[in-house]
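A.B. asks: Mapping of the sequence shown onto full-length UniProt numbering: position 122 corresponds to residue 122, and the numbering continues sequentially without gaps.
Because the hints were derived from the structure by calculation, they are not lab data. Mixed in with the good hints there might be a few duds.
[What the hints assert, rightly or not] Below, simulated DMTMM-like cross-link-like pairs (lysine to aspartate or glutamate); rule was C-alpha separation at most 20 angstroms, straight line:
{"#": "1", "residue 1": "Lys47", "residue 2": "Asp66"}
{"#": "2", "residue 1": "Lys125", "residue 2": "Glu79"}
{"#": "3", "residue 1": "Lys94", "residue 2": "Glu119"}
{"#": "4", "residue 1": "Lys58", "residue 2": "Glu82"}
{"#": "5", "residue 1": "Lys58", "residue 2": "Asp38"}
{"#": "6", "residue 1": "Lys129", "residue 2": "Glu93"}
{"#": "7", "residue 1": "Lys125", "residue 2": "Glu82"}
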Amino acid sequence: MRENSKRQHPASLHASGEDYLEAILILHMKKGTVRSVDVARHLGVSKPSVCHAVALLKDGGFLTMDEDFSLCLTDVGREVAESIYERHCFFTEKLIAAGVDPKVAEADACRIEHIISAESFERLKEAAKGMRQA
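Model the full structure from these sequences, guided by the hints.
C.D. replies: Here it is as C-alpha cells:
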C-alpha cells in the first residue's frame, strides 16, 4: 500500500517542483548544506520564488527545513529528485553522444525528463544497455 502512495506523489508535482528537488539534490551532493539562496543562484530564480516553492514542497512532504534554514529532502523527495536526476543525466549523455551541442542537449534533457513516462524511460535504458553489450 505504501508503495502506491509513493508513486502518486510525483503526479502532484509540476516540472518546476521537480526542478527544485533536483537542484537541491545536486547542491547537496556538491556542498552538503543547501539553503534557499543556493537554490535561487543555481536555478537563476528569485529568492521569493524559492521561498514559495519550498513552502509547497514542505507541505507536500518532499523536504524539510531545519533550524539553521538548511533544506533537506525527505525520503520521498530524495526518491523523486534521484529519479529526475537520473533521467536528466541519461538524456543529456545520449543527446551529446548523438552530436547535439552540449548546451542544447542539457536544455532538451531538462524538458524530456519531466514528460517521459516511467515505462518508456525504463525501456530506453534497457535498449541503451543492450546496444552497449552488443
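A.B. asks: Each hint should be assessed against the structure and marked as holding or not.
C.D. replies: Do the hints match the structure? See the list:
1. Lys47 with Asp66: holds, 18 angstroms
2. Lys125 with Glu79: holds, 18 angstroms
3. Lys94 with Glu119: holds, 18 angstroms
4. Lys58 with Glu82: holds, 18 angstroms
5. Lys58 with Asp38: Holds. Lys58 to Asp38 sits at ~17 angstroms (cutoff 20 angstroms).
6. Lys129 with Glu93: Roughly 13 angstroms between the alpha carbons, so the hint for Lys129 and Glu93 holds.
7. Lys125 with Glu82: The hint holds at about 15 angstroms.
Checked against the numbered hints listed earlier, the structure breaks none of them; every hint is satisfied.
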